[in-house]
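Number of protein chains: 2
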Amino acid sequence: MVMENYAHLFSEDTASFFRSPVRDIFRRVDLNAIYSFAGGYPSADTFPLGDFRRIMSDVIDRTGAKAFQYGATQGVTELREALSARYGVPVGRIQITSSSQQGIDVCTRILADPGDVILTSSPSYLGALQSFRSYRADVRGVEYDPDPDRFAAAYAKAAEQAVSEGKRLKFIYSIPDFQNPSGETLPFGHRLGLAGVARKYGMLIVEDSPYRELRYEGEDVPTIYSIDPDITMHLGSFSKIMAPGFRLGWIFGHPDVLDKIYVCKQSLDLCPPVFDQYVAAEFISDGSLDRNLAKSKALYKEKRDVLLDMLERTMPEGVSWTHPDGGLFVFLTLPQGFDSVKFYDTALDAGVAYVAGSFFHPDGGGRNTMRLNFSFMSADRIREGIRLLASLLSDSHGQALYPARGGRDR
Amino acid sequence: MVMENYAHLFSEDTASFFRSPVRDIFRRVDLNAIYSFAGGYPSADTFPLGDFRRIMSDVIDRTGAKAFQYGATQGVTELREALSARYGVPVGRIQITSSSQQGIDVCTRILADPGDVILTSSPSYLGALQSFRSYRADVRGVEYDPDPDRFAAAYAKAAEQAVSEGKRLKFIYSIPDFQNPSGETLPFGHRLGLAGVARKYGMLIVEDSPYRELRYEGEDVPTIYSIDPDITMHLGSFSKIMAPGFRLGWIFGHPDVLDKIYVCKQSLDLCPPVFDQYVAAEFISDGSLDRNLAKSKALYKEKRDVLLDMLERTMPEGVSWTHPDGGLFVFLTLPQGFDSVKFYDTALDAGVAYVAGSFFHPDGGGRNTMRLNFSFMSADRIREGIRLLASLLSDSHGQALYPARGGRDR
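The listed protein sequences correspond, in order, to chains A and B. Numbering of the first sequence is given in this note's numbering, commencing with residue 1239 and proceeding in unit increments. Numbering of the second sequence is given in this note's numbering, commencing with residue 1239 and proceeding in unit increments.
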């Protein structure tokens, strides 16, 4: 038998895989050669190479060969203890993951069968939508409402709807702090509402929290995990507070749920990267993390301010945007009818990249939106990039921006 | 609603998860406090800490921040190129994985739906069986036959049987070099036979090859991948030739299959650990790997010889074992009726650990077998440990060893 294609061999899940347009951009272009507002890359300036070198050398001296051996599936004790001390969560409620993306994926794996319902904010994190769909879950987006009661009611309504269809509800996915892609933070009342809906319908909450420590102004809002730790799986990440190249994150959750993740992770990859875990533990314990975080926040606050200021100065009428208190993203809304997917190639050809907002919408809506990242580039390049993007948008004012009044199709 | 348990929330896959008894041993006991023939841990003496320190420092100097940023999902170019140069496989056919366990898991994920048939040697690697079952695949073990034609015919018969039941065949899983747990190597004719059966029935072969470079005598046998690269997914690992703590492996395969793995890996964990990949690339390129491998092989050869010699000297009549040319394991067969699962607690209480052979059997057979690892402990401790194990076996000669003639039940 000649095997010309492999279609008969792939699992049903595989048909639901979809590519990240963000990752595909990175495959196509050199990010440093364009103005990249795409991606969620931290600034390379925030990676404390000197601290890394010193800590790595210390780990080799002190921990020796053990740092290079197989490690415990739940993560090395030193790192779980360092996280426990930092966040006040018992060690028995902490699982280390090989990236917080893995946290999302493994929660979905142990919870969702094909057709099971996951409720998420709309828009939401693309990598989470990829993971949910890869297990053929039924992902339903719920739009934000500034009123906490109406917000909770919208989730309750979506839950009722699913129940009336005979569907099983599994979890609510939320990024309450400096959301990806919107940059917005869920107020306390909204968090209480989500926990209430989850309790009422017997769901869990997967609280994805990679940006929480990147707050540039205002007060912390308690995590959903702190409101209801027995129904919340809280996902954390070293990517934005240390460096993404270590691929380390964590899950706080109820031990009964973590136990399933523990067994699942045995067959997924046995254990997280061991040496990297010792480095991360020391990075927390010796104060490097807090020192580095203070510097990163000052840097990112400046970049956010530059971005917001430039948007104010340059954007054509009819464009609005969010004003995040932290995180890495600002979300733009353009006039109805503007198509950020179509406009994307024009922008990339001119040397500026963003992520089209529709990719973050479970229902494919939001075509008149785009996500802009402000962490990756320097303040100067943010200025130049926004000037360029604004001029492209203004040029296309009667074309792409308002296609109904003379749009051109490609 | 009070959530007292989470049973209604778990996915159907979760019910098929089973715990690794090996990993659970590691949770219960300090491996350094007992004679551990369990596990597949490399010797800590083979980790070149000096090389690691030097290379890490070099990577920070030369690659800088890029080594700590997000990386390409398919793996960093430098590492794929280093593997390409070493193994003569085109870069486009190489995907880096976050451990070769992940290689097994992701191949299963993209290929197997519940009920799909996977053919594997019996006995086989426990972590692979865990992964196959976690996707509810129908795992069927095929016993080894020294005659290549009968060997291939047994696989063909298993395939025919599955087809006659209306099942879909997905892949053959094989560890042809120094198999886990048997330590035995598949002769060339057997490999040809497997490739032929796979072609005939439209299956892939997942060739798991973590021990291939640990050959202590005899000649290399060509990989199945080299026989038929378009139907073989070849899995490699840095765990036994560098150190397991980096959690890095690779897959060689057809680009059409790798593309599915690429998209899957985006939502699994985005990319493998980045800094670790640069370190591994340099470890290959600067010759450290080959230097270290020569030392590791000399060390392991000595340990294997000590183990085989001690078995010869101490084991009671009726016990036989394999004589591997490489790898990490020797497989013991005890008299029919001996129960290595039952005997396990006796052994552990006395301070010696092994892995019961039945855990490696997809059908739960092989209760009179056990796997002994010889890489982890020093030669002296291997001597003492085998002496202890042999005395325990001899003591229980009329009891556990031959329970039919006066066995006691616990």
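Among the hints, erroneous ones may be present.
Since copy identity is lost for identical chains, a pair holds within one copy or between any two.
[Unchecked claim] Straight line, CA to CA, 25 Å or less: simulated SDA-like cross-link-like pairs of lysine to any residue:
| # | residue 1 | residue 2 |
| --- | --- | --- |
| 1 | Lys1535 | Glu1451 |
| 2 | Lys1304 | Lys1535 |
| 3 | Lys1304 | Gly1589 |
| 4 | Lys1539 | Val1557 |
| 5 | Lys1405 | Ala1253 |
| 6 | Lys1304 | Glu1451 |
| 7 | Lys1304 | Ala1536 |
| 8 | Lys1405 | Lys1438 |
| 9 | Lys1405 | Ser1254 |
| 10 | Lys1405 | Asp1468 |
| 11 | Lys1533 | Gln1574 |
| 12 | Lys1405 | Arg1619 |
| 13 | Lys1395 | Leu1630 |
| 14 | Lys1395 | Tyr1244 |
| 15 | Lys1438 | Thr1461 |
| 16 | Lys1533 | Thr1315 |
| 17 | Lys1304 | Arg1292 |
| 18 | Lys1539 | Val1401 |
| 19 | Lys1304 | Arg1266 |
| 20 | Lys1438 | Arg1257 |
| 21 | Lys1395 | Gly1326 |
| 22 | Lys1304 | Asn1270 |
| 23 | Lys1395 | His1599 |
| 24 | Lys1405 | Asp1251 |
| 25 | Lys1304 | Gly1288 |
Source of the hints: derived by calculation from the structure; they are not laboratory data.
Taking the hints in turn, this is what the structure says about them:
1. In this homomeric assembly, lysine 1535 and glutamate 1451 come within 25 Å of each other (Cα to Cα) only inside a single copy, at 9 Å, whereas the closest approach across copies is 47 Å.
2. In this assembly of identical chains, lysine 1304 and lysine 1535 lie within 25 Å of each other by CA distance solely across copies; the values are 20 Å between and 34 Å within a copy.
3. With identical chains, the CA atoms of lysine 1304 and glycine 1589 are at most 25 Å apart between copies only, with a shortest distance of 22 Å across copies and 47 Å within one.
4. When the C-alpha separation of lysine 1539 and valine 1557 is checked against a cutoff of 25 Å, the pair qualifies only within one copy, where the shortest distance is 22 Å, while the shortest distance between copies is 70 Å.
5. Proximity of lysine 1405 and alanine 1253 under a CA criterion of 25 Å is satisfied in both settings, with 21 Å inside one chain copy and 20 Å between copies.
6. In this homomeric assembly, lysine 1304 and glutamate 1451 come within 25 Å of each other (Cα to Cα) only across copies, at 23 Å, whereas the closest approach inside a single copy is 31 Å.
7. Proximity of lysine 1304 and alanine 1536 under a CA criterion of 25 Å is satisfied inter-copy only: 22 Å between copies versus 37 Å inside one chain copy.
8. Taking identical chains as interchangeable, the C-alpha atoms of lysine 1405 and lysine 1438 lie at most 25 Å apart only when both belong to the same chain, with a minimum of 16 Å there against 42 Å between chains.
9. In this assembly of identical chains, lysine 1405 and serine 1254 lie within 25 Å of each other by CA distance both inside one copy and across copies; the values are 19 Å within and 22 Å between.
10. Taking the closest pair of Cα atoms, lysine 1405 and aspartate 1468 come within 25 Å of each other only inside a single copy of the chain (23 Å); across copies the shortest separation is 41 Å, beyond that limit.
11. Taking the shortest Cα distances, lysine 1533 and glutamine 1574 never come within 25 Å of each other, neither inside one copy (39 Å) nor across copies (67 Å).
12. Taking the shortest alpha-carbon separations for lysine 1405 and arginine 1619, neither the intra-copy value of 48 Å nor the inter-copy value of 58 Å comes in at or below 25 Å.
13. Proximity of lysine 1395 and leucine 1630 under a CA criterion of 25 Å is satisfied in neither setting, with 41 Å inside one chain copy and 65 Å between copies.
14. In this assembly of identical chains, lysine 1395 and tyrosine 1244 lie within 25 Å of each other by CA distance solely across copies; the values are 23 Å between and 42 Å within a copy.
15. For the identical chains of this complex, lysine 1438 and threonine 1461 are intra-copy neighbours only, at 19 Å inside a copy versus 56 Å across copies, given an alpha-carbon limit of 25 Å.
16. When the C-alpha separation of lysine 1533 and threonine 1315 is checked against a cutoff of 25 Å, the pair qualifies neither within a copy, at 28 Å, nor between copies, at 31 Å.
17. Taking the closest pair of Cα atoms, lysine 1304 and arginine 1292 come within 25 Å of each other both inside a single copy (18 Å) and across two copies (18 Å).
18. Taking CA atoms no more than 25 Å apart as the test, lysine 1539 paired with valine 1401 passes in neither setting, with 43 Å inside one copy and 62 Å between copies.
19. Only between protomers do lysine 1304 and arginine 1266 lie at most 25 Å apart by alpha-carbon distance; the minimum there is 18 Å, versus 40 Å within a single protomer.
20. Taking identical chains as interchangeable, the C-alpha atoms of lysine 1438 and arginine 1257 are never at most 25 Å apart, the minima being 35 Å within one chain and 32 Å between chains.
21. Proximity of lysine 1395 and glycine 1326 under a CA criterion of 25 Å is satisfied in neither setting, with 34 Å inside one chain copy and 58 Å between copies.
22. In the homo-oligomer, the alpha carbons of lysine 1304 and asparagine 1270 lie at most 25 Å apart only across protomers (11 Å), although the nearest pairing inside one protomer, at 38 Å, exceeds that limit.
23. For the homomeric pair lysine 1395 and histidine 1599, the shortest alpha-carbon distance inside one copy (19 Å) is at most 25 Å, but the shortest distance between copies (49 Å) is not.
24. For the homomeric pair lysine 1405 and aspartate 1251, the shortest alpha-carbon distances inside one copy (19 Å) and between copies (18 Å) are both at most 25 Å.
25. For the identical chains of this complex, lysine 1304 and glycine 1288 are neighbours both inside a copy (23 Å) and across copies (14 Å), given an alpha-carbon limit of 25 Å.
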